[in-house]
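Trainee: Spelled out from the first residue to the last, the chains are:
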Amino acid sequence: MIRLWLVAFASCASAPAVPVPVRPTPLSVQVSLPATGLSEAERTTHALNRLAFGPSGGDRQRIAAMGLEAWLSEQLTPGVDPAMDERLSGFKTLDLSVAEALREFPRPDQRLKAMGVDPGSPAGQEAARRLVKESPEELPRQLLIELTQAKLLRAATSKRQLEEVLVDFWFNHFNVSAEKNRVRWMVNAYEREAIRPHVFGRFRELLGATAKHPAMLWYLDNWMSVRDGFELPPAFRKSLGDDAGPPRALGLNENYARELLELHTVGVNAGYTQADVREAARALTGWGLELRQRQRDFARFEFHRLAHDDGPKRVFGLELPAGLGQDDGERLLDHLARHPATARHLATKLCQRLVSEQPPPALVDRVAATFLRTDGDLTATYLAVIESPEFWSPANVGTLTRTPLEFVVGAVRTVGTLDEVQRPLAAVLDQLGQPLYRCPPPTGYPEHGAHWISAGALVSRINFGLRLATGRIPGVEVALPPKDTPVDVLARDVLGRPASASTIATVERALRQDDDVDERRGPQVAKVVGLLLGSPEFQKQ
Amino acid sequence: MISRRRLLQSLAVFGAAPVFAEPPRAKKTLVVVFLRGGVDGLAMAPPMGDRDYAALRTTTRVKGLRLDDTFGLHPAMAALLPLYASKQLAVVHATGLPVSPRSHFEAQDFLESGTPGRRAAEGWLNRAGRDLPKSAFSMVAVQNTLPVSLAGDSSALAFPSLRDFRVLGGDAAATTFEALYESAVDEALRTSGHEAFDFLERAKHEGLADRPAQHGAQWPKTALARRLQDITRLIHADVGLSIAATEAGGFDTHLGQGAETGQLANRLKEVADALAAFAQDLGPRLADVTLLTMTEFGRTAKENGTRGTDHGTASASLVLGGGVAGGRVLTRWPGLAASALRDGRDLEPTTDLRAVMSECLDSVGIRTRDVFPDFAPVKLGLFG
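Sequences listed follow chains W and U, in order.
The letter at position 262 of the first sequence is residue 262 when you use the numbering used here, and the numbering goes up by one with no holes.
The letter at position 353 of the second sequence is residue 894 when you use the numbering used here, and the numbering goes up by one with no holes.
There may be inaccurate statements among the hints.
[What the hints assert, rightly or not] Dumping the calculated EDC-like pairs for lysine to aspartate or glutamate here, alpha-carbon to alpha-carbon at most 16 Å:
no., chain 1, residue 1, chain 2, residue 2
1, W, K540, W, E447
2, U, K568, U, D672
3, U, K745, U, E723
4, W, K540, U, D893
5, U, K762, U, E811
6, W, K540, U, D727
[Stated by the list, open to error] Covered by chain W, per the in silico footprint, the following chain U stretches (three or more residues, Cβ under 8 Å):
no., segment
7, 697-705
8, 721-728
9, 732-739
10, 794-803
11, 846-857
[What the hints assert, rightly or not] Calculated from the model, a selection of chain W residues having no Cβ within reach of chain U, i.e. all distances over 12 Å:
no., residue
12, G57
13, D59
14, L372
Calculated from the structure, these hints are not laboratory results.
Glycine included, C-beta positions come from ideal geometry on N, C-alpha and C.
Please build the complete structure, drawing on both the sequences and the hints.
Mentor: Structure follows, in structure tokens:
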């Protein structure tokens with residue numbers, strides 16, 4: 001199939017698309033916070049819980065030194081973080097293009113084929129086993145290992161905490177999964193090129209960058225969506241090998257168009273019909289990829305004019321006259337990015353992530369209005385949330401369930417510092433049901449907390465907290481308070497707010513029981529911290 | 542507040558029988574084994590009597606143990622022959638979903654959702670478990686994370702093994718966490734905590750993880766066998782297990798698949814030996830159990846250029862249990878002639894796998910209404 005496309009598109013590719021210029025981030029954003037019933041310390045904890053991956057000693061100190069409003073302003077216009085860049089420079093794969101990743105990290109069987117070895121023969125299988133055993137760091141899985149490590153490092157240690165929260169939010173919004181065959185080689189470039197540069201920019205640019213990225217084109221099949229009746233030049237059919245079977249029917253694939261409407265922009269209840277989905281898919285026919293392996297821009301976005309349906313279309317209120325070519329898709333994205341239903345859909349999701357699972361309708365209305373008024377300026381949209389009284393309302397503090405990622409990284413930031421990400425840390429996210437970059441459905445992970453809470457996941461969270469606090473997660477440098485610290489002080493430090501009386505009583509009772517057994521050990525700080533990390537209160541932020 | 546744990550401990554001291562507020566227990570259990578990667582049904586149950594089979598396969602052609610005039614069983618699965626002979630095992634062939642993409646992840650999601658062509662918010666087993674008594678034991682997955690088939694609103698528990706599913710730090714830590722979660726403000730946390738500690742206490746009290754094999758079963762030392770043994774422990778312990786799921790992988794045999802021996806043969810032997818030990822261990826309790834194997838798709842009818850097979854459509858499923866009208870290969874065999882193959886390359890699914898799944902649910906007394914939306918199963922008669 002791939003070969004078939006390769007030859008077909010070699011003949012009909014147009015000039016490469018001009019990259020969309022990224023809007024420069026404003027130099028500074030003034031943040032002024034509303035009056036709130038929260039104390040200074042509570043405000044800091046709340047800001048770090050929602051706009052960062054939980055409180056860390058270092059970030060608490062920075063906020064104390066510079067003031068919360070200045071810190072928020074810095075977070076909205078993050079500058080460079082040389083310390084972070086330095087730490088990431090040790091990774092080999094983070095800067096690879098899709099073409100380089102495919103070339104340098106082939107599957108073992110592809111590597112053998114390139115060496116002239118039949119990977120199906122007994123000798124080939126033995127050679128493949130040797131490759132896996134002797135050079136595991138050259139296998140495709142290395143791409144995902146490094147990307148996962150980098151994500152955890154950034155979440156735990158970057159000064160640009162809000163950027164990391166937003167990259168996580170928007171990646172999840174425009175989800176792609178490394179589990180879908182070739183996406184594994186594309187997911188790193190996707191986050192680096194399509195998501196990260198745009199999280200403080202305009203929504204239209206973010207949307208366009210995802211629409212044209214090979215990871216999305218591949219994940220939601222748009223690369224193979226062509227106008228009905230499109231036929232490959234007969235001369236190329238001959239080149240199909242036996243094992244590829246007879247040529248398959250080609251035509252429209254609605255997968256991306258449907259998710260574009262349902263998930264990425266206007267939302268499932270916006271009132272579009274199946275006919276709109278089909279028309280949107282027609283508008284996006286020919287939005288594909290450079291599939292010639294030898295080309296330098298292999299696997300980059302290409303508009304294939306011959307595969308495009310150039311008839312007139314009508315999509316969800318938008319008229320597209322015949323003959324627009326690639327502009328069909330561009331105008332469709334313009335239309336959707338500025339639609340009031342999109343503003344509402346995005347404002348709701350953003351408020352669910354940052355404020356409350358059931359965000360106050362008045363807040364959603366204001367955030368959506370800001371989005372529309374500023375033509376989808378995302379920084380202005382975040383500011384509308386952060387400056388709202390609802391964000392700082394005591395009623396919304398400590399009410400969101402931490403996702404596994406927020407729990408794991410939050411726990412690490414609470415007890416110490418992350419020196420390096422080793423396997424056990426990444427593995428715990430798999431156990432907790434949030435394998436990074438491998439969420440299969442296009443919906444991404446849900447924004448409601450009940451999804452994450454099950455009996456099995458709780459036991460895993462409890463055990464992770466105990467292992468972490470007792471120094472059994474390699475790569476994490478644990479720095480605990482002095483051993484005579486009272487339980488209520490420890491609880492306030494770990495939870496970021498005073499613990500309930502029953503929690504303190506329960507933990508103290510557990511300590512007394514232990515003292516009966518071994519009086520020399522005194523108050524066991526690590527044990528108390530472990531119990532607190534696994535407590536129901538720490539599962540909330 | 543006296544926790545159940547402490548109540549249990551004090552009762553144990555006085556030699557009294559433990560008292561539980563028992564939900565009504567399920568008597569019957571459905572066990573679903575998902576074989577991930579796409580099992581080659583034409584190797585697991587080779588259609589030796591199909592005149593086109595030999596021409597399609599060269600290095601991957603299997604000479605099976607005779608099941609009937611058309612089909613054999615892969616010789617690596619010989620351990621299952623006695624169960625076939627005693628009519629407790631049936632093979633369903635040329636089965637799959639009518640819409641089957643060739644991507645693993647989509648095909649698995651569609652099948653585990655029970656909704657061909659789309660992914661549902663809930664898995665088919667979760668929907669099936671809606672009306673089961675609320676208990677930490679009613680739906681269990683013995684694997685690292687909850688599979689899509691069990692995900693959804695009804696609560697289900699996943700753990701990698703009974704032995705490893707515990708709170709570190711021993712009983713004291715567990716007691717503390719139980720008390721912390723009993724007073725949790727958040728309802729989801731309180732409920733899940735209750736289920737978790739309920740399960741852990743029962744598992745510990747009954748020594749579930751250490752229960753020895755029954756009826757002389759010899760369990761092989763494979764991951765699948767360990768998981769299935771944990772499931773038999775739960776069945777023997779009568780803890781109310783209605784639905785259990787587990788999985789095995791390694792069936793994506795694009796390269797060097799092998800025939801009577803080789804890569805696929807090794808995987809199939811693991812499955813067969815584990816299933817045979819499962820039946821042996823259950824002994825008479827097999828009457829209350831149905832076990833179903835499934836896979837996301839079969840493989841291409843024709844061998845590929847690397848001595849393997851590529852992603853196809855229909856495959857074969859095994860159904861094992863006391864109530865099975867077994868000793869047969871149930872199929873509406875479409876044949877392997879070029880004109881009969883889907884897209885000219887795959888075995889056509891002539892039996893909708895949802896009909897098999899429905900009858901398996903039915904066989905353990907679980908209501909199947911609404912489990913498969915927009916689907917009216919035809920009666921296969923798998924259970925006589």
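Trainee: Test coverage of the segment 697-705 of chain U by chain W using CB-CB distances below 8 Å; three residues minimum.
Mentor: Our answer is that it holds, as 4 residues pass the Cβ test (under 8 Å) against chain W, meeting three.
Trainee: How does the coverage statement for the segment 846-857 of chain U fare against chain W, requiring three or more residues with Cβ below 8 Å from a Cβ of that chain?
Mentor: Since 5 is at least three, the answer is holds.
Trainee: Hint check: K762 (chain U) vs E811 (chain U), CA-CA at most 16 Å. Holds or violated?
Mentor: holds (9 Å)
Trainee: Mind checking the alpha carbons of K540 (chain W) and D893 (chain U) for me, to see if they're no more than 16 Å apart?
Mentor: Given pair K540 (chain W), D893 (chain U) is violated - Cα atoms ~44 Å apart, limit 16 Å.
Trainee: Minimum Cβ separation between L372 (chain W) and chain U greater than 12 Å?
Mentor: Answer for L372 (chain W): holds, closest chain U Cβ roughly 30 Å.
Trainee: Can you confirm whether chain W covers the segment 794-803 of chain U, using C-beta to C-beta distances below 8 Å and requiring at least three such residues?
Mentor: holds (count 3)
Trainee: Taking a Cβ-Cβ distance under 8 Å as contact, does the segment 732-739 of chain U have three or more residues in contact with chain W?
Mentor: Contact hint for the segment 732-739 of chain U vs chain W: holds, 4 residues under 8 Å.
Trainee: If you count the residues of the segment 721-728 of chain U with a beta-carbon closer than 8 Å to a beta-carbon of chain W, do you get 3 or more?
Mentor: Per the Cβ count (6), the hint holds.
Trainee: Regarding the pair K568 (chain U) and D672 (chain U), is the alpha-carbon distance no greater than 16 Å?
Mentor: Distance ~15 Å between K568 (chain U) and D672 (chain U) Cα, so the pair holds.
Trainee: With d taken as the least Cβ-Cβ distance between G57 (chain W) and chain U, does d exceed 12 Å?
Mentor: The claim stands: G57 (chain W) keeps its Cβ more than 12 Å from every Cβ of chain U (closest is about 25 Å).
Trainee: Can we confirm that no CB of chain U comes within 12 Å of the CB of D59 (chain W)?
Mentor: About 26 Å separates D59 (chain W) from the closest Cβ of chain U, which puts it past 12 Å; holds.
Trainee: For K540 (chain W) and E447 (chain W), compute the direct alpha-carbon distance and say whether it is at most 16 Å.
Mentor: Measuring from Cα to Cα gives roughly 14 Å; hence the hint holds.
This entry does not satisfy hints 3 and 4, going by the numbered hints stated previously.
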